[in-house]
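Starting from the known structure of chain C, arrange chain Y on it as the hints suggest.
Here's the letter readout for the chains.
There are 2 protein chains.
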Amino acid sequence: MLREFAINKVHIKDTFWNYYVKNIKNKTIPFQYKVMDNDMDINIEREREDESLPAEKSNALENFRIAAGLKDGEHYGWFFQDSDVYKWLEAVSYSLQISPDKELEELADSVIDLIGKAQEKDGYLQTFFQVKFPNRKYRELHYSHELYCAGHLMEAAIGYTEATGKRELLQIALKVVDNIAKHFGYEEGKIQGADGHQEIELALAKLYEFTGKKKYLDLAVFFIDVRGKDPLFYDKQVEQNNKDGITNDYPKIDLKYLQAYTQPKKQTKAVGHAVRMLYMATGMARIAKHSNDEQLFMACKEIWRDVISKKMYITAGVGSTVHGEAFTGEYDLPNDTMYCETCASIALIYFAYEMFKIEPKAEYIEIMERALYNGVLSGASIEGKHFFYVNPLEVYPSISKNNPGQGHVKYQRPNWLGCACCPPNFARTIGSIQRYFYTWDEEGQIIYSNLFVASKLDFPGGSLEQMTEFPKQNRVKYHLKTDGQFATLKIRIPQWLKNPLLYVEGIPVEMNLIDGYVELKRKWNGEIVELVFETPVLAVTANPNVVADVNRIAIQRGPFVYCAESIDNEEKLQTYHVNPKNLERAKVCYQPGILNGITQLMVEADHELVDKSWQETLYQFNFKGNIEKKELTLIPYYSWGNRGECEMVVWLYK
Amino acid sequence: MLREFAINKVHIKDTFWNYYVKNIKNKTIPFQYKVMDNDMDINIEREREDESLPAEKSNALENFRIAAGLKDGEHYGWFFQDSDVYKWLEAVSYSLQISPDKELEELADSVIDLIGKAQEKDGYLQTFFQVKFPNRKYRELHYSHELYCAGHLMEAAIGYTEATGKRELLQIALKVVDNIAKHFGYEEGKIQGADGHQEIELALAKLYEFTGKKKYLDLAVFFIDVRGKDPLFYDKQVEQNNKDGITNDYPKIDLKYLQAYTQPKKQTKAVGHAVRMLYMATGMARIAKHSNDEQLFMACKEIWRDVISKKMYITAGVGSTVHGEAFTGEYDLPNDTMYCETCASIALIYFAYEMFKIEPKAEYIEIMERALYNGVLSGASIEGKHFFYVNPLEVYPSISKNNPGQGHVKYQRPNWLGCACCPPNFARTIGSIQRYFYTWDEEGQIIYSNLFVASKLDFPGGSLEQMTEFPKQNRVKYHLKTDGQFATLKIRIPQWLKNPLLYVEGIPVEMNLIDGYVELKRKWNGEIVELVFETPVLAVTANPNVVADVNRIAIQRGPFVYCAESIDNEEKLQTYHVNPKNLERAKVCYQPGILNGITQLMVEADHELVDKSWQETLYQFNFKGNIEKKELTLIPYYSWGNRGECEMVVWLYK
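Heads up: the sequence lines are chains C and Y, in that order. Just so we're aligned: the first sequence equals residues 1 to 654 in the numbering used here. Just so we're aligned: the second sequence equals residues 1 to 654 in the numbering used here.
Chain C with its partners taken away, still in its complex shape:
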C-alpha cells in the first residue's frame, strides 16, 4: 500500500503547474470568496436549461450568517450550498500549506468562526435545514446532502489543521461527526441508511487516516455497508414524514441514480449520477485499503474496469447524459450531448489515486493524468475566474444554440454557476496538484514518480529533485539523495512517449517495465538519472463499439488531448478531414504568447469546399466534392473556449 506525501513537501519548479497553483491563490480563491459573499457583480448562469434552478446569487456565506442568527433572511440556493464554502476552505488550506499568507488565513479564520456560530449545540450543521426545515433534519436523506456537506467539512478541516495547526474547524467537524454517529448506525433506534449523495464515506476514511481513530473508519464502513441494504429505505423515510405530517409528497426515488439499488460491495457497473458514483468508489477503495475488505476492493476493480473500458471519454470526462448528470450504457459516448462534469473527472482522479495506492499500477495514473491535463483542467479558464460545469468534446454553436437537447452545453465558461460544485472543486484539486507527482510505500523505501513535472520532493532522510522543461522538452533528470540508503526509484513511463532512453550517470540502463514503471534500486548518493524520449503526435482511435467516433481520430501529444477551434481555422470544422498518416509530418510549435503558452499542432488536412450547389438543397445524388489542402491548427483541449465563442472539435473526421 502506498501513501501520499504531504503537499508542502513537494515543491513545484515547473512553469505549467506553478501558474495554476499561483493563480488559484492570487485570483481564484479571492474571486470565489467574493462570489460566495454576494460581493461580485457577475452573471451567474444556470448549469442547465431549467428556469427553476437558483442562479441569482451564491448566498453561501449569507446562509451561514442567517443560520447563526447574525442576519435575518431566507436561505437561498441549493440545499448543499454550504459545501461550496467547505471546498473553498479546503482550497485555501492547500494554498496556505504551499505558501503561508497571513491575510488569507485571517479571512479563512473569520469564515471558520462564522461556521462555528452557525453550528447547533448538538453539533448539527447544514444551513438549509436549520433555516428552512428544522423538523426535517436527517429525514430526507434521498436528497438532503447533509452527510455530503459533512464530508466536505471534514476534508476542509483536515486540510486546515495540516496547514495552520489550528483546530477550530476540526472541532466543528468532529462535533458534526459525533452528531452523525449519534443518529446513524446499526444500533436500534438509529437511522440505517446513507446520504443520497456520497462523500462522507471517503471523508470519514480520510479522517481515520488523519486521526488514527478507528471509530471514524467504522462509521465509514457502516455507510458503505448500509447503502442499498434496504432499497426501500428512502421511500420509508418519505412515508414516515408524510405520516408524521412533516411533508406531503411522494417523490420518485431513482435508486440507480444514487447507487442504492444494492450494496456497493455487490455493485459492478458504473451507473447513475457520475460524481456520486465516483465519490462512492473513492470511498470504497479508501475503506477497502484500511479494512482489507477484498470483496469491496473487487467491486472497486469491476467499477473501475467498467468506467475506463466502456464509459470514459478520451478527455477522461465521464457522464454521457445531462439527464441525472449520469453514466449511460456501454460505449455510449456522444460528443455533443454528453455531460462530462468537471467534478466527475475530479472524482475519477480521486478514485484512480486510491486504487493506485492499493495496487501500484500505471494504468491508474494514466487515467489520472488524462483527467488532470484534459477533462479537469478544461474546467477553468486560463485566467482562473470562469468555470465550466459541462465539458463537451464538440461544439457547433450555430447548432447547439437552437437544440434544447444541448441546452446544458456552454461555449464559454461562466463566472459562476447556480450549482457551484465545480469551481471550488477545481480550486481544491488543482490547487493541491503536488500530491499526485510522487507516492511512496508504507516503509518509505520506494518512491514512485508518477508525472513529469519539474519539482523537488523532501522526505525524511533525503530528497528527490526532478529537473525538466516538460512538456516543452522531452528530457527529465532525477537527482535522488538518500544518504546512501537502499532505496527504489520508480519512474512511470507513459504510453504516449516513444523510444525512451534511460541513463544513470550518463550510462545507458536497460528498461524493464513493471506495471508501467521502470525500477531503479540502489544506494543513492546523488546520482543523476536521466530519461530522454520522444513525444510523437499520436492518432487516437476509439473502440469500434463507440458509434460516435467512427471514421474519426483524436490527436494526442504527451498527456494532452488536442482539439481544433474555428478561431484558428475556418468555420465548419466538420469540413476538415485528417489522414492519420499526415500526423507524422505535423508541425509542433510552442506559442508562448497564446493562451498562457501552449504547444500548437499544425496538421495537413483535406478541406472540403462547400460549393454553391449546396445553398439550394440538403441532399445530392452521386455528389463529387472538391477538396483543397489546408493546414488545420490544433490546441490542447484544456485551453479551448478562452477566446470567444467558436466551434470546437476533438474527434476529427478522417
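Hints are supplied without guarantee of correctness; some may be wrong.
A pair holds if it fits inside one copy or across any two, identical chains being indistinguishable in the list.
[Unchecked claim] No farther apart than 30 Å at their CA atoms in a straight line, the calculated lysine-lysine pairs in the DSS-like style are these:
1) Lys572 - Lys256
2) Lys654 - Lys629
3) Lys214 - Lys229
4) Lys612 - Lys357
5) Lys624 - Lys498
Calculated directly from the structure, the hints in this document are not laboratory data.
Below, chain Y without anything else, positioned relative to chain C:
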C-alpha cells in the same frame, strides 16, 4: 392553380399501394375503432419518457358518451383526444369512397350519432372541456386544441359527405363552426386570438372549397391574420382566468413553439412544434391560393425553402428534437435523438401538395414523394396495427435503451400511443393516397402525372390509364383518352431516374423538362405513351453543413431511401464501411416473401473486425484495423422495425 381529382375517380391497379389501402380498410380501421372503444387488450405506450402522460387506455369514444350524458365517468386522455375519432372518421370516409361498405358505414353512422349527442345546443363540442372544465371553454387557447379538434371534425365531415351524401356530420361541423364564428373575430367583444395548435385554418379553407361559402374562407383568413398579432394574447387569457378565479397558474407560453411570435405572413422560418408549423403553412398556402394573398404566399415559399434546404431529413422526416417535438436550427439533423413524428411528415405532404397546386413545380412533388415512400410509410407496420410516433434514422438499442436523451425512440412500433395523433393520421393520409397521383388545372385541360403508380383516372370526357409494375419494373405506359380534345399530359420525371426515354406510339419523343415535367400536348385518341428509364442505386451525400452526416452516405433507389438492419447483417452496423463506388455493382433483388415484398440491395462493404485488444480499452494510439470484405444487405427504410428489435442505420459510414 391546380386542383385534386376526387379520390373515387382514381382507381389503383398497383400492388404496392393497393395493399396499404386495402389493409387500412380491412385491418387498420377496425383495429383503431376497437382501440378507441377500449375494446382491445393491447399495451398502449407513452410517446416519450414522461410518466405523467396518459397511456392506460384511449377512451376516445367513451369521452363522447360521457359528454353526451349516456355514461357516467371522467374524461380520460389528452384534451385533444376527440380528434382521434375525427381522423378515424375521415379515414373511414375515404375508404367508403373507394369501396362502399354497408357495415362500416353503419358503424361510422353510430359514431356520428354519438358525436351529435355530445354536441351542446349552442354548437360547442370538445368533450374534455365539456366534462372537465365547462367554465374554461375558449379561455385557454394556448393549449386547448378546441379549434384544432374542430378542424379535424370539418375534414371528416367533408369526407363523409362526399363518400355517403349524408349530411349529419357536416351539420355538426357547421354548427361547431357557427359557434366558433360567434365567439371569434375582430368584432368587439369577440376573441381575437387563434388556437395554439393550428389545423382549423387549413380545414376552414377546405370547407370553403367544399361549400363555396366565402364566410368560411374569411374565418380562415381571420385565424391566420390574428395569430401573433398580439403576442401577449395567450398571457392575457391566462391573466383574465386567474383574475376571474377560474384558474390559478401562470404557465410559461413559448410563442415560438406555437408560431405566434409574429403574424404568419411575416414568418420566414420553420420554428417550433413541427406539426403545428406545417399545418399552419398548409393553411396559409390554401388560403393564399383563394385569397390571392401574395405576402402570405411569399411567407409560405420562405418557410418551404427553410424546411427543405435546411431542416429536413432524407426520409422527409422533420422535427430535430423531442423537446417541443420541434424544429431546431439550420442543418441540425441528428440521426439518433431526432423526433421525426409521423404526423410531421404527413403535414409536410399536405404543405407540399398545396404549394404544388399554386405553383406546379416538381420540387414540391419530389418532397411529397419522399415523405410518402419513406417518413410517412414508416409510421405503420406492414400488417397495419402498429405505429411509430418517432421515426429515427439510426437505432442502436444497446445504446439508446440506456440513454434518457433517446428515451422517445422506440425500436418496434407499439399498437397504440398515449398521444395517438399519428395512427389515424396515417390511416386517413395513406388511405387516400390516390389524391396525389394526378392533379389537373382549373380548366381541365392539363393533367399532371405526379407519381408512377398503376392506376386508372376517370375525368369528365376521358380517362387516363397508367400501366406499370413500378417499382418492380422501370417501364410506365400511359393510355390517355379525351375524345379527340386538345389536352396536355404532364409526366413528372423524377431526379432519381436515369436515361429516360419517351415514346408516343413507339416513336421516340424528345424530352424537354419544364419544372420537372415533360409535356405532351395533342388531340388524344388513345395513343400509348411509354416511358422507359433506369433506377440506379444512388449514393446520397448530405449537405456538408450537416455535421451528423459527415463521412457518410445514404442509399436511395427510386423513391425509396434504404437502411441496413442488423437482422440482415451482423450487429455493430457502424463497423460496415461502404465506398460509394461499390454501389454500381450493388445487387438488386426483389424478395416477394420478405416484408410483404421488398427490393433488397446487397452492397460490398469493408467490414471492420473488432479484435480482442478492444475488450480492454476504449482508446488506442496509431491503431491499424483489420478489414474483411462483406456484403451489406439493405431494405427500404419504410419497412424497418418489422422483424424484432435490432440495429438500424440509414446513413452508412464511408
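Structure-based check of all given hints:
1. Proximity of Lys572 to Lys256 under the C-alpha cut-off of 30 Å is restricted to the inter-copy arrangement: shortest distance 27 Å between copies versus 39 Å within a copy.
2. With identical chains, the CA atoms of Lys654 and Lys629 are at most 30 Å apart both within one copy (14 Å) and between copies (20 Å).
3. Proximity of Lys214 and Lys229 under a CA criterion of 30 Å is satisfied intra-copy only: 23 Å inside one chain copy versus 72 Å between copies.
4. Within a single copy, Lys612 and Lys357 get their C-alpha atoms only as close as 60 Å, which misses the 30 Å cut-off; across copies the closest is 29 Å, which meets it.
5. With identical chains, the CA atoms of Lys624 and Lys498 are at most 30 Å apart between copies only, with a shortest distance of 17 Å across copies and 40 Å within one.
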